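Trainee: Residue numbers (this note's numbering), protein chains in the order written: chain A, 1 to 288; chain B, 289 to 572.
Be aware that one or more of the hints could be misleading.
To be verified - Taking lysine-lysine and the DSS-like style, the derived pairs with C-alpha atoms no more than 27 Å apart in a straight line are:
(1) A:K107 with B:K394
(2) B:K568 with B:K394
(3) A:K107 with B:K568
In short, the hints are calculated from the structure, not lab data.
Just so you know, these numbers come straight off a predicted model, no measurement behind them.
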Amino acid sequence: MRDNQQLHTVHRIRDRLAQCLIYSAVFLVGAVFIWILADLARGGIMHLSWEFITESPRDAGRAGGIASILISTLLILCVALIAAVPLAWSTAILLVECMPAASSFGKTVRFSLHVLAGVPSIVFGLFGNAFFSIYLGLGFSILSGGLTLACMLLPILTSTAEAGLRAVPDTYRLSASALGMTRTATLIHLILPAAAPALAAGLLLGIGRALAETAALLFTSGYVERMPGSLLDSGRALALHIFDLSMNVPGGDMPAYASALVLVTLLLCINILAMKLAYGLQRWRIMT
Amino acid sequence: MFRLIPTDRLLIAILRIFAVNTVLVLLLILAFLLLESWPVLMQLSLTRFVTDTSWHPLEGAYNLMPMLAGTLLASMGALLLAVPLGMSSALFIVFYAPSHLATLYKRLIELLAGIPSVVFGFWGLTTLVPLINQWHPPGASLLAAILVLTLMVLPLITLTAYTALAAVPDELIHNAAALGLSRWGMISGVALPAAGSGITAGIILAAARALGETMAVLMVAGNVVQYPETVFDPIRTLAANIALEMAYAMGDHRAVLFVSGLLLLLLVMVLSSIAGFLEKQRHA
C-alpha cells in the first residue's frame, strides 16, 4: 500500500516536471519569435514610407527605395509561375484522374518530386547557372532566374494540387460518368471548380516560397538593381536585396530592415490567405 | 471505366507530355551537376578532397573536409536544440493546450515556417551576432549558425511531429486513459511510440534542410575555412562556400564547387529517401 502511494507520488512529480518543461519550451519559442518580429517591425517602420516603395534605389541602396526591385521580383515570380503551374497542375491531374494510384509511372513521378523537394536551393542555383544562364545562353537574367525558381516550385505546386484533387469526392466522378460526360468535360466543369480553393491555396504557398528564395537567384537572376528593361535583363529580387544590403553595403542596415519588413509583411499576408483558403475548405467539407 | 473519346485521348496525351517534363527536371539537374564536375572528377583523384593541405582553390588545394565538418557540426547542433523544443511544441499543441490556444500556437508556427531564410540571417547578423560578440568575440561563429538554423528547422520538426501525433488513433489514447495512466505515462508509453516513425521522418527532413541551408548560415557563421575548436570559432559550410566563391570561380575551381554541390545533393537525397521509407512504413 505504502509502495503504491509512493509510486503515485513519483508519477505525479514526473507529470508536473514534464508539464513544466513543455510549457517553458513553448514559452521560449513564442518569446523568441515575437522578439524577431518586434525587432524587424521596430527597425523597419522608421525607414518605411511611401517614397521607399515608389522610388528606385540610389547609392547602392543606401538611399532611395525599392521600386525597381519590387518590379524585378514580380517579373521573376511571373516567369516562374507561368513555367511551373501548367507543368505541375497537369502532372497532378494526370496522377489523380487518369492513373491508378499504384501505377509505376505515378510512383516514378512521385519519387522524383519527393527528391526534388529536398534539393537544397543553392544546388538549384548551381544548376540554373550551368543550364539556363550558360548552356541556353540566357545569361544573368530575369528569365533564367524565373525558370530556376520554376524548377523549385514544381514539387510544392504538384503535391498541393494532387491533395486538392484527391479530396474531391468520388461521387462527383461517378455521377458525371453516369450522365455520360466525357473525362475532359468532367475535369473542366466539375473537378477543377470543386478543387479550385485547394489549387489557389497551393498557388499562394508556391508564391510565398518563391518570394522567400535567395540562394537559387544569386547566380541566375543576378545583382543589378536598376529597373529591368526586358526579361533578358538582370534583376535583383527583394530577398537578394536584403542580403546584399546587410552583407556588402556598409550603412545599409536601415533600408535592409525596411525591405525585410516589406518582405515579411507580404509573406505573412500571402500565408494567412492560403491558410484561410485551406481551413475554410475543410470546414465547408465537414458541413456538406 | 470511362469510354475514351478522341478529346480525352488528346487530353491525356498532353498531360503525359507535361508530366514527363516534371520527371526530366530532376534528371536534368543531376546531369548538369555531373557534367560540370566531370573534368575534376576525372582528373583529380577523389582522395584529393580529403588529403589536400587546405582549401586554397586558387593554388589548387581542394580539401573539402573542414567545410564538411562545419556543415555537419552546425546541422547537428541545430538538431540537438530544435528536436526537444519542436517536440515540446508539438506535444503542447496536441495534449496540453486548450483548443483555442493550440490553434493559435499552431498558426504562429506555420507562419514562422514561411519566414525567408535571408530574414533569419539578417536578424542573426544584426541582433544575435552582436550579443554573442559581447559574451565571447568574434560573434560570427558556429554558435550563431547553430542558433539561426535551430529557428529555421524548429517549425518543420513541430509541424511533422504534430501531424504524426494527431494521426495516433483515438482508441489508443482512450485505452491509456481507461487504464489510469498519468498524462506523461500516456504520452511516453503510448503516443510517442505510436507516432515514432513519423516523428523520425520529420527530424530527418529537418536535418536535410539544415545541411542545405545557405543564406542564413552564410550571414552569421563568419565563413573562415577551419575546423572549429569551440562553438565560438567561425566556420564555413559547403553551401555557404558555393554562394561565396561561385561569382569568381573559373576552370577547376568552378568544377570543384559543382562537386561540393553534388556532395550536398547526395547527402540530402540519402536523408530524404530514409524519411520517405519511414513514411511508407508508417502507412503500411
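Trainee: The structure should be examined with respect to each hint, and the outcome stated for every one.
Mentor: Tested hints:
| no. | hint | in the structure |
| --- | --- | --- |
| 1 | A:K107 with B:K394 | 32 Å, violated |
| 2 | B:K568 with B:K394 | 25 Å, holds |
| 3 | A:K107 with B:K568 | 12 Å, holds |
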